[in-house]
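Sequence lines, in order, name chains C and U. Counting from 0, one number per residue, gives the positions in the first sequence under numbering that gives the first Met the number 0. Counting from 0, one number per residue, gives the positions in the second sequence under numbering that gives the first Met the number 0.
Check each hint, because a few of them may be wrong.
[What the hints assert, rightly or not] For the chain U half of the interface with chain C, some residues (derived, Cβ under 8 Å), not all of them:
hint : residue
1    : Asp46
2    : Val49
3    : Arg53
4    : Tyr61
5    : His67
6    : Ala74
7    : Gln75
8    : Val79
9    : Trp82
10   : Lys83
11   : Ala143
12   : Val146
13   : Arg147
14   : Thr165
15   : Ala187
16   : Leu196
[To be verified] Lysine to any residue pairs mimicking SDA-like chemistry, simulated, CA-CA at most 20 Å apart:
hint : chain 1 : residue 1 : chain 2 : residue 2
17   : U       : Lys197    : C       : Thr4
18   : U       : Lys197    : C       : Glu33
19   : U       : Lys198    : C       : Val47
20   : U       : Lys197    : C       : Arg45
21   : U       : Lys197    : C       : Ala36
22   : U       : Lys198    : C       : Arg39
23   : U       : Lys198    : C       : Asn42
24   : U       : Lys197    : C       : Ala28
25   : U       : Lys198    : C       : Asp6
26   : U       : Lys197    : C       : Ala32
27   : U       : Lys83     : C       : Ser61
28   : U       : Lys198    : C       : Glu33
29   : U       : Lys197    : C       : Cys30
[Stated by the list, open to error] Okay, the calculated beta carbon distance ranges per label pair:
hint : chain 1 : residue 1 : chain 2 : residue 2 : range
30   : U       : Glu155    : C       : Arg21     : 31 to 37 Å
31   : C       : Glu184    : U       : Lys83     : 55 to 61 Å
32   : U       : Asp29     : C       : Ala28     : 46 to 52 Å
Derived by calculation from the structure, the hints in this document are not laboratory data. The beta-carbon is built from N, C-alpha and C at its ideal position, and this holds for glycine as well.
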Amino acid sequence: MTHLTPDELIDAVENVLAPQRRAHLNACARCGAEHAALERTWNEARAVTVPEPSPLYWDHLSRRVREAVDGEAVARHIPSGRERWYDWRVLAPVAVWVLFVATLASVVPESTSVLSRATGVPESVEERRLDVLDARWAVMLDTVGEFDVETALDEGLLGHPWSADGAILQLTSAEQQELVRLLNEELR
Amino acid sequence: MSEKSVPRPWAAALVANPEWTIRVVEPERDDEALVGASQAGDREAFDVLVERHRRAVYNVCYRFVDNHEDASDLAQETFVRAWKGLGSFKGQAAFTTWLYRIAVNVSLSRVSQKRLDVEPLDADRFIDERADEPGAGLLRTERAVAVRRAIAALPEKQRATLILRTYHDMSHQQIADALGSTVGAVKANFFHALTNLKKILGREP
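Input sequences plus hints: build the corresponding full structure.
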């Protein structure tokens, strides 16, 4: 019969040694001594406790963890308003829009008034200015009409959905036309 | 003939005591449910997990570093890492096993950084703590300090195995899962930990 292996000595210390090997342990002085020494050492280790912190400590620890976890969420890169504007998906449509408006401003001549061509009546400066504005509004509405609020928000074109430009996007075509008419009246 | 509803005793009691309020006690969610909720972004569920396991995690960490300040820092770091790593927890092991694994890893990292200065024990200082004499309590405290230092002097795997087996009553399989090891290696490490501890404490020449 062989002496107990390290695994079997651990089984003996933990009281799960197989019966036939337990018989050897009971009969063998060497295995018995080794088992007793390991058991004493383990009992001595078990007796060492962790000093109990103050009862207030535990909630303090929970609070520290909560703050640290919150800090982790903030530290994750969340693009600021300015950074979102630097994304190509935002700049591209804005650039197109700016180009449209700039082109319109340079191309739409003040002298080509729809009203003037239709009636042949020489237009006043005010009428020509309003016609240009009409044309510009028409182009703008055409461009804006291609976007819905969600797309504009996703692309970061809107600071918030309740901004003025966001409100325009929510108007129907007829409502937008009415808005243009009202703005023109105000400008007269 | 219309049916009469039988008034329940508690309803009558409520009528008789209008100042009473009904408190709905939610059944306590188990770790699995709380982990699932935390993974879905429920911060309060994670707070409950922290509250439930904070003492055990702190104790694991304390066993490695033997002081409150470091143990506190390590416990906090353990939970923060757990929060950050929740997405990778698949539930193949128990949440506590996974949490202990994190605690052991952060503790071992700290210990290897600080390299505890363990003084060699003088065997002559050992006095039989069973003696019922004045100062016996102090001797037991000295012995406890000696045991803690001896544990701190063990190699990492042996120390971790001893701590988890002795103070957290984890099975060999659970320890193997926590340490990324096998049951056979755990038992071997446990045996060598006790043997070395015995030598350090001076019971063997």
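Assess, step by step, whether the Cα of Lys198/U is no farther than 20 Å from the Cα of Asp6/C, and give holds or violated. Between Lys198/U and Asp6/C the Cα gap is close to 19 Å, so the pair holds against 20 Å.
Can you verify the interface hint for Val146/U: is its Cβ closer than 8 Å to any Cβ in chain C? This interface hint holds because 5 Å falls under the 8 Å limit.
Does the interface hint hold: is Asp46/U within less than 8 Å of chain C, judged Cβ to Cβ? holds, 6 Å
Regarding the hint that Val49/U lies at the interface with chain C, is the smallest CB-CB distance below 8 Å? holds, 5 Å
Keeping to a limit of 20 Å between CA atoms, is the pair of Lys197/U and Ala28/C held or broken? Holds: Lys197/U and Ala28/C sit about 19 Å apart, inside 20 Å.
Can the suggested window of 55 to 61 Å be confirmed for the beta-carbon pair Glu184/C and Lys83/U? holds, 59 Å
Evaluation of the interface hint that places Arg147/U against chain C, nearest CB under 8 Å: holds, 6 Å
Need the status of pair Lys197/U, Glu33/C: alpha-carbon distance at most 20 Å? Within the cut-off at roughly 11 Å; holds.
Assess, step by step, whether the Cα of Lys197/U is no farther than 20 Å from the Cα of Thr4/C, and give holds or violated. holds, 18 Å
With chain C as the partner, please determine if Trp82/U meets the hint condition of a C-beta pair closer than 8 Å. holds, 5 Å
His67/U was flagged as interface toward chain C. Is the shortest Cβ-Cβ separation under 8 Å? Cβ of His67/U sits 6 Å from chain C, so the hint holds.
Whether the CB-CB distance between Glu155/U and Arg21/C falls inside 31 to 37 Å: holds, 33 Å
Taken one by one, the earlier hints all hold for this structure without exception.
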